[in-house]
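Keeping their order, the protein sequence lines are chains A and B.
Heads up, our numbering is the position in the first sequence plus 399, with the first residue counted as 1.
Heads up, our numbering is the position in the second sequence plus 149, with the first residue counted as 1.
Everything labelled a hint here was simulated from the structure, so no lab data went into it.
Here the structure is a predicted model, which is why all the values come from computation and not from measurement.
A portion of the hints provided could be inaccurate.
[What the hints assert, rightly or not] No farther apart than 35 Å at their CA atoms in a straight line, the calculated lysine-lysine pairs in the DSBU-like style are these:
#1 Lys-165(B) x Lys-477(A)
#2 Lys-467(A) x Lys-165(B)
#3 Lys-222(B) x Lys-152(B)
#4 Lys-219(B) x Lys-477(A)
#5 Lys-423(A) x Lys-477(A)
#6 Lys-467(A) x Lys-423(A)
#7 Lys-219(B) x Lys-152(B)
#8 Lys-222(B) x Lys-165(B)
#9 Lys-165(B) x Lys-152(B)
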Amino acid sequence: DAGVIQSPRHEVTEMGQEVTLRCKPISGHNSLFWYRQTMMRGLELLIYFNNNVPIDDSGMPEDRFSAKMPNASFSTLKIQPSEPRDSAVYFCASSANEQFFGPGTRLTVL
Amino acid sequence: AQKITQTQPGMFVQEKEAVTLDCTYDTSDPSYGLFWYKQPSSGEMIFLIYQGSYDQQNATEGRYSLNFQKARKSANLVISASQLGDSAMYFCAMRGVSYIPTFGRGTSLIVHP
């Protein structure tokens with residue numbers, strides 16, 4: 400198995416632009432998580448899907464952030480409009496029991 | 150609410166020695182799972198080991214073992230025969246019945262030659 404796949408690996412954008420992060424979970428995993436990691440705040444859970452349904456989105460910072468999971472093999476995290484404080488590494492993870500992380504997307508908003 | 154505490158912000162160990170990274174947790178869930186992850190400087194989060202709260206034996210994976218003491222609510226990671234490549238951040242995490250994981254702040258491990 401290829402593991403959790405994320406794209407892009409790096410994204411540099413200007414403030415106000417829309418950013419879309421993509422994730423392909425491990426086949427057969429029914430849970431998917433989006434995290435954000437920064438030096439100041441550590442690893443934060445943004446949203447959790449189970450069987451493609453959002454279960455807990457209490458970690459989503461504000462309305463500028465949205466996440467979708469249209470099917471079991473694909474999820475997106477969108478930031479519109481992006482701001483410099485959104486700069487972070489965004490991880491997608493999937494699990495059946497153990498949780499496996501993707502390589503992350505390093506987002507820089509100028 | 151779940152809570153994970155990693156009290157050691159940084160640890161140093163000599164190559165080939167064993168090291169223990171501390172993790173304590175708090176939960177009222179009747180069953181839960183405990184995880185350890187390694188994050189090297191390259192940034193990826195690597196799953197190391199898992200312990201279920203009802204598992205009878207401590208989990209082991211190669212040089213990694215989890216010293217699970219349920220009554221003390223601790224789940225320390227033991228790395229035997231440390232290698233230079235073990236230098237990284239290590240995160241303890243738990244997941245209860247809600248399936249939503251909680252992570253500690255991490256411990257930075259540096260292995261000296």
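Hints versus structure:
no.	hint	in the structure
1	Lys-165(B) x Lys-477(A)	violated (45 Å)
2	Lys-467(A) x Lys-165(B)	violated (46 Å)
3	Lys-222(B) x Lys-152(B)	holds (11 Å)
4	Lys-219(B) x Lys-477(A)	violated (40 Å)
5	Lys-423(A) x Lys-477(A)	holds (15 Å)
6	Lys-467(A) x Lys-423(A)	holds (12 Å)
7	Lys-219(B) x Lys-152(B)	holds (15 Å)
8	Lys-222(B) x Lys-165(B)	holds (28 Å)
9	Lys-165(B) x Lys-152(B)	holds (32 Å)
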